[in-house]
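S.K.: Residue numbers (our numbering), protein chains in the order written: chain P, 1 to 343; chain U, 1 to 343; chain S, 1 to 343; chain L, 1 to 343.
Simulated from the structure, these hints should not be mistaken for laboratory data. Each residue gets a CB set at the ideal place from its N, CA and C atoms; glycine is no exception. Keep in mind that the hints are not guaranteed to be accurate.
What the hints assert, rightly or not - As a list, the in silico SDA-like pairs of lysine to any residue whose alpha-carbon atoms are at most 25 Å apart:
#: 1; chain 1: S; residue 1: Lys250; chain 2: U; residue 2: Met334
#: 2; chain 1: U; residue 1: Lys250; chain 2: S; residue 2: Ser251
#: 3; chain 1: U; residue 1: Lys250; chain 2: S; residue 2: Gln225
#: 4; chain 1: L; residue 1: Lys104; chain 2: L; residue 2: Glu86
#: 5; chain 1: P; residue 1: Lys215; chain 2: L; residue 2: Glu86
#: 6; chain 1: U; residue 1: Lys3; chain 2: U; residue 2: Gln225
#: 7; chain 1: S; residue 1: Lys250; chain 2: U; residue 2: Gln225
To be verified - With the C-beta cut set under 7 Å, the calculated list includes, among others, these residues of chain S facing chain U:
#: 8; residue: Tyr203
#: 9; residue: Thr229
#: 10; residue: Arg282
Stated by the list, open to error - If we take Cβ atoms under 10 Å as the criterion, some of the chain S residues that face chain U in the derived model are:
#: 11; residue: Ile55
#: 12; residue: Cys56
#: 13; residue: Glu67
#: 14; residue: Asp69
#: 15; residue: Leu193
#: 16; residue: Pro202
#: 17; residue: Gly207
#: 18; residue: Phe230
#: 19; residue: Ile238
#: 20; residue: Pro274
#: 21; residue: Phe278
#: 22; residue: Asp301
#: 23; residue: Ser337
There are 4 protein chains.
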Amino acid sequence: MIKAGVVGGTGYTGVELLRLLVAHPGVELSVITSRSEAGLSVAELFPNLRGHVDICFQMPQLDDLRECDVVFFATPNGTAMSMVPELLDAGVKVIDLAADFRLKSPIEWQQWYGIEHTCPEVLEEAVYGMPEINREKISKARIVANPGCYPTAVTLGFLPLIEQGLVDDQHLIADAKSGVSGAGRGTSIGSLLCEASESIKPYGVNGHRHLPEIKQTLKWVSGHQVGLTFVPHLTPMIRGIEASLYAVLKSDQVDLHSLYAQRYQDEPFVDVMPEGSFPETRSVKGSNMCRISVFRPQQGDTVVVSSVIDNLVKGAAGQAVHNMNIMFRLDETMGISHVALLP
Amino acid sequence: MIKAGVVGGTGYTGVELLRLLVAHPGVELSVITSRSEAGLSVAELFPNLRGHVDICFQMPQLDDLRECDVVFFATPNGTAMSMVPELLDAGVKVIDLAADFRLKSPIEWQQWYGIEHTCPEVLEEAVYGMPEINREKISKARIVANPGCYPTAVTLGFLPLIEQGLVDDQHLIADAKSGVSGAGRGTSIGSLLCEASESIKPYGVNGHRHLPEIKQTLKWVSGHQVGLTFVPHLTPMIRGIEASLYAVLKSDQVDLHSLYAQRYQDEPFVDVMPEGSFPETRSVKGSNMCRISVFRPQQGDTVVVSSVIDNLVKGAAGQAVHNMNIMFRLDETMGISHVALLP
Amino acid sequence: MIKAGVVGGTGYTGVELLRLLVAHPGVELSVITSRSEAGLSVAELFPNLRGHVDICFQMPQLDDLRECDVVFFATPNGTAMSMVPELLDAGVKVIDLAADFRLKSPIEWQQWYGIEHTCPEVLEEAVYGMPEINREKISKARIVANPGCYPTAVTLGFLPLIEQGLVDDQHLIADAKSGVSGAGRGTSIGSLLCEASESIKPYGVNGHRHLPEIKQTLKWVSGHQVGLTFVPHLTPMIRGIEASLYAVLKSDQVDLHSLYAQRYQDEPFVDVMPEGSFPETRSVKGSNMCRISVFRPQQGDTVVVSSVIDNLVKGAAGQAVHNMNIMFRLDETMGISHVALLP
Amino acid sequence: MIKAGVVGGTGYTGVELLRLLVAHPGVELSVITSRSEAGLSVAELFPNLRGHVDICFQMPQLDDLRECDVVFFATPNGTAMSMVPELLDAGVKVIDLAADFRLKSPIEWQQWYGIEHTCPEVLEEAVYGMPEINREKISKARIVANPGCYPTAVTLGFLPLIEQGLVDDQHLIADAKSGVSGAGRGTSIGSLLCEASESIKPYGVNGHRHLPEIKQTLKWVSGHQVGLTFVPHLTPMIRGIEASLYAVLKSDQVDLHSLYAQRYQDEPFVDVMPEGSFPETRSVKGSNMCRISVFRPQQGDTVVVSSVIDNLVKGAAGQAVHNMNIMFRLDETMGISHVALLP
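If we strip away everything but chain P, and leave its shape as in the complex, we get (with noise of 0.2 Å):
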């Protein structure tokens, strides 16, 4: 059994890890720690885990720490890097849900989480946890960088016409809708119930956080700058993603959907849909699934795709259990393979 500790679980990132830890046949969940909730049962927080989890938060200690064989950090930007150097050289390996280690240069962090990049060299060190573009690196990680949920649903969105090169990429459009529970278990006006629910609207048009990881990964995968607009959208509901891409063909000679469906056909959470279906997000609630449609509207040269995840699943506390089943050698869809609950 792999021993796995938590840091930072009070939010809904780490209540859906605890979903899946307790549940997951290989794996011993020993360590739970939270500052502002130390010494409160878990289950107390949240109840859905009455009679799952019997441990309770505790304060973050790095000798507790040590002991696990890997600890997820699910807490807020900057925390995980303060303490992630010590647990590596104690050996133990890491995923960290949060940002800290997703952009490689420290000065881009710096410029868009507006904090001083303490490690840059574990920086260097981290994978970008995407299996689907990753995996013989995450396989052999020590420190995994989790990615962010907008970025999942993008990335694998765009992926397979990027790696063909098949589109204008200096003018990629990403139009983004996310459940609010993307913004977190933090108590901020904009994501009560009443402010929420029964509206949408447009936010960090002139910039979000997810930017430059999106245009990193999509770097990494043509060999150059792309140009990319991102617009996410505050969606009335808990959870899910759902992505629509829009890119100009540079081809006439290319049949879309065989080329998701080649690119995608091993991987064991990307299901490209039957062609004419569209992805919904309630398709994937609760599961580690990322759905993908690709349309080609009226023959044009525009390209269209769609793309939906579980934000908090396959967008963060999935990806990264699928992250630890790669580095520690399990079966990929093991304790992963939920169902998604619909309705």
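Following the hints, position chains U, S and L against chain P.
M.R.: For chains U, S and L alone, kept in the frame of chain P given last:
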């Protein structure tokens, strides 16, 4: 492996049963029938099942169903009774998720459901499938009548009080709130998002079909006819039932929390909440748990019980699988120990 | 034109009051105050008011408020009582939408609200602003205590029964369901969309602040102390309260529907629904109407009443404007005869 | 007083039209027709209208409608064209909220709507009822084709850019999100709360009926055929459309915010938001306003416009009343200046 068949798998009870059965380690799903959707791939109708189920709906044929060890009926009321006798004759066990075998009196059945009962002899044999009161009988049953959703929440909430004769059982009040999935997947204006969201309303005040079912069970328990006012409310959410129950205590000398805790201490799917805490339906979303709290406001003579379930799991498909586990001597919790999806 | 001031206009009660006042033909909105948002344009905080209001929030100053004919308090509990005496002295009429002047006993007020009452003499003078029982007094009042949202729905629902002494008033049950806006615009985890949507739960079972307010009014009406169990439920919607009320009839000889129809026939904002129909909260969304149905299930001895309001209108801002209309001898329905928004 | 008739008032467009007309100071509602509900009281079907409307639905009879000054059609597509010629002959003005007179080409109409157009001569005469581009023609029109909901949001959003020829109009992108009321009050599984809530999905990607309508208007404005990719999304809310629009700028030298502010400065129902702020659909819920923001992310060459309306008001009934006001020389804002309901 138990070979299972599902008759009428196109409603919400059906898809939820499929979600549970495809992941159940002791079951092989061998037949799914639907008159209206025969020939259609199950995963096309329910995209959450893509990758988990690869069979198609087929016409209901007795020959196919006779090959099963157990057949679940997730059909409209009145359908199961036309096929059940032949299945029982063929040695197949039956679990009916509709109402055909819930009321012991065929006359009462006809009054409430408007159809003549065609196999009263099976009615007599059928066991009411509420494990918390009928475990022994269920284990020997050939046919189980799976309880209704409201009756499950209300009966488990009243049970300890009625068993012990602690309240005036001629003036019981059950104020129940159900998510819209309780109304099924049929098209009706009242179930449209634009009609049912952002609103709550009572319905069926003058007589809901679940009233006689609840009263029948409470009569078994108490030994005499009870008086019950049952008011269901359509609540703007997909899943979940909360039943707030009210009764006047006959005695001051009772520790209500201990009573409930002891009554349910060995029940895997009834969770008595800590004193002073409130159950919420989201704490059981997608899980087979019933969570209950009991209160005595201002130490007065009125007891208040709040009981929550997921109407599609503990109130339907999950309880059906629980019954199957008991009938086939499997571990009772096999395949139905999901952690609720929160948020 | 009546010059109106609003103290504390940044909550949901405040913005709803603004919606009504800016379109009221007899009112000129002259001052809006907010300590936290002083200097901010009202329309910047509440974009629905863009083009309708062009003033800014200002610090609460008695000098400005003394220029008003009427001042509405939409402040947290305990604020109004510190300013009201001086406003009354200056000849300004006051309508308090908070709870400061609702309970007649300063001792009881302190018990339930945890603050000592600083002007018990004003408390004595204050009129409970429920037009259906206090119209005459309201018309002469200098200060009106606007009723709470739950008390409005529950009291109007029980009123005809209690006035006529038709039920056992020692065992009244009020099972109420409120939209999340009842919890206000303050940030609390429990009001987040991800916590409050797709779920329903009871709360405050052991004692909600609206309990003594309801009991006080029913005592005025009945002439003696009543027994009431009041259980509020947080319901996944923005607006609306539905109260299901239960009581045991003392006599068989009563035409309940006629009783209610006659009691409310001259009331502009209470609508007794046709026999057999069910009120739904969406039928009053954005309107000042209370709709009520009364039932006697199976002709038993238990009466069931369902009463619905929009908690922000009839349960707060609309009732406040109704009170203002009465106090200033305007047509009672002026400015508050909106058709509910459906769907 | 203008005598108004409504044909087909049983859908969501119909009930919204009734909400506006019953409170309109210049209108007397004299006839409402419905084949399916003839004889039923309007207030019985739509309880929000109780106390505001006391007439019944009647069978559509030309004799009754000829007595009106104006007749609104809120019927399924293809119905209006069978009655309009005779009404026009009788001197009745007509506003069609369906699509019968929106597309100028009867051939194109047949392609998209699958029905042969029966009065192409009226088609030629009909004025496209978007006041912001056709005010003069509307004021003289006998028949107005009220725009579709998506076309209203998308066209107003693109208008200043296209009028000035500032963008590559061969690769316009419109990613639109609509509440479920856009699908109407008809029963379809996809509009059930359990199917449409807690989920978002694209639909109609390969060709939605509103595509040719938008392209027709933009062609009028630009003088040539435009290229547009239009992707609508079903969004889990009742009301509201948000359209995010993307285009590549042809020049660097443009102050986008000023362009929009000037274009719409005299329009009573288009509100250009302050720079940097985001429109949200709830800011227009129940109101006739369109709110628009324009962005140029990272000062790149892509312009992003976000445009929000209430699909049932500015996108249907409100715009229809606006057209009526113009046709009858009333104050343009009469009866449609409601403050949006927030929260």
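S.K.: The structure should be examined with respect to each hint, and the outcome stated for every one.
M.R.: Against the structure, the hints come out as follows:
no., hint, result
1, Lys250(S) / Met334(U), "52 Å, violated"
2, Lys250(U) / Ser251(S), "23 Å, holds"
3, Lys250(U) / Gln225(S), "22 Å, holds"
4, Lys104(L) / Glu86(L), "20 Å, holds"
5, Lys215(P) / Glu86(L), "61 Å, violated"
6, Lys3(U) / Gln225(U), "40 Å, violated"
7, Lys250(S) / Gln225(U), "22 Å, holds"
8, Tyr203, "6 Å, holds"
9, Thr229, "5 Å, holds"
10, Arg282, "3 Å, holds"
11, Ile55, "31 Å, violated"
12, Cys56, "32 Å, violated"
13, Glu67, "40 Å, violated"
14, Asp69, "36 Å, violated"
15, Leu193, "9 Å, holds"
16, Pro202, "5 Å, holds"
17, Gly207, "6 Å, holds"
18, Phe230, "8 Å, holds"
19, Ile238, "6 Å, holds"
20, Pro274, "14 Å, violated"
21, Phe278, "5 Å, holds"
22, Asp301, "8 Å, holds"
23, Ser337, "21 Å, violated"
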